[in-house]
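Peer 1: Residue numbers (the working numbering), protein chains in the order written: chain Z, 3 to 294; chain H, 277 to 487.
I should point out that these hints are in silico values taken from the structure, not numbers from a laboratory. It is possible that some hints are incorrect.
[Unchecked claim] Computed, partial: chain H to chain Z, Cβ under 10 Å:
#, residue
1, Gly328
2, Leu329
3, Ala333
4, Phe370
5, Glu374
6, Leu377
7, Met428
All values reported here derive from a predicted model rather than from experimental measurement. Even for Gly, the Cβ is constructed at its ideal location relative to N, Cα and C.
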Amino acid sequence: MSTAALVHVVVSGLATGSIYALMAISLVIVYNATRTLNFAQGEMLMVSTFVGWTAHQWLRLPLPLIMLVAVVAAALLGWLIERAVIRHSIAATHFDVLIITLGLSLVLRAAAVLAWTHDEFPFPSFFADRPIALGPVRVAPVSLGIIGGSLLLMLALYGLFRGTRLGRAMRAVAQNQRAARLMGISVERVYSASWILAAVVGGIAGVLIAPVIFLSSKMGLVAINGFTAAVLGGFGSMPGAVVGGMLLGVIENLAPLYLPSGIKHSVPFLLMIAILLVRPSGVLGRARRRKV
Amino acid sequence: MSAALELEDLAVFYGKRRALEGVSLAVGRGEIVTLLGANGSGKSTTLRAISGLVRPARGRIVYEGRDITRAPADAIVAAGITHVPEGREVFPEFTVLENLLVGGHTVARRDVAGRLEAAFRLFPVLRERRLQLGGTLSGGEQQMLAIGRALMARPRLLLLDEPSLGLAPMLARGYVLETGRVVVAGPSAALTEDPRVRTAYLGFAKAAAAR
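Isolated chain Z, as found in the complex:
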């Protein structure tokens, strides 16, 4: 295969990988705060993207405003779920909360089917359809747009976690909640902020990916690969989530070139099993000691 074609495949792999990375980051943000695996992350993304699309249908809003509507809808949904459900089950076991978020995902999907049917809808894109040529290499603008948008968002998150009081408080809570309380941090406010932030990251990812995979009540399934990406990178680690997502996206896109084509969707799991056999704590993960 020519280098140009290979570059094309890698670039579109990085684009899908960026979305996986954003999903992985969302899951990690929630996990670090409330120690909850949010199985509803994908469905939250799906609902907020639908809300943005509906605003587009009714009001013919320009795309940046659709993004804004989706982000606000995501933030409200994240806030509401944490406040109404998760906060009350914080004393429950991990297993119980896991079932609760799994249940939430089913409820959200059922509600979306009622509101928006089972159909797939085209979603407006920020980017032109015609591939652009960079020398011999042709890449889809949408791929570059997704990669660029995701990188910007990751940079903003990095700034938030490193440079702000809220970000520092979130990192403190991830390490030791009791010590965080003794510093005067309101751990409840960090829970709330984390769910809102994770939902917003998901909301942006949803608007970026919807033009590619179409808008449908099933699009939340993209979060499964985000989960795989987070495990690959070492669950709990933010840089790990990015590396895991990119790795997964690229390998998933390359695999059909060398392996039977039907294998594409099994690749994430084969990769996850392979990496966990070699490095049980993920690529960038550290073995965490659990406090009793």
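Please build the complex by placing chain H on the supplied structure of chain Z, with the hints as guidance.
Peer 2: This is chain H only, laid out in the frame that chain Z set:
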């Protein structure tokens, strides 16, 4: 002396286990008070109740005239009480600098730099190690970091759980706890003369037996 902190008949349960049963004590302004007691006698629980980490089942905690019995932990820090926990609980993945900054979480932004400087002057070794991760410090350095971190909020009442630094000579008054109750209270000079304290905590029984 009017008391800055007063505990009245405080009871705390961990599930069904009674950790404190009716502890009353007072700390005056500017006073250094010690709690003595064997493991499990309720020293740490008393401090945790004051700083809002555990909810008392009964009794009252009054600080500077305000009832803080049910106040959340972050409000208690903002009110001027900080707590250096047993085991120090330094944030292992934060640098020394970040540990100190997070200790200043409730501090107005313009005051942070000054507080940081004060902490570095008090513990110069922390300045040298400011970019080192908290988890890689030695035990003594972690103790300094934990105290420096607690001082960032410039507390009017500092709770130290099992400090390994030599604060003993400055003690003014003390209480002895036994299975969740105050059994002896008084000035430190009287405490060191009390036979129960001498046998239990100062090793006199062993000395007597050896003789």
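Peer 1: Hint by hint, note whether the structure agrees.
Peer 2: Each hint tested on the structure:
no.: 1; hint: Gly328; in the structure: 7 Å, holds
no.: 2; hint: Leu329; in the structure: 6 Å, holds
no.: 3; hint: Ala333; in the structure: 17 Å, violated
no.: 4; hint: Phe370; in the structure: 7 Å, holds
no.: 5; hint: Glu374; in the structure: 7 Å, holds
no.: 6; hint: Leu377; in the structure: 7 Å, holds
no.: 7; hint: Met428; in the structure: 9 Å, holds
Of the numbered hints listed earlier, the single one contradicted by the structure is hint 3.
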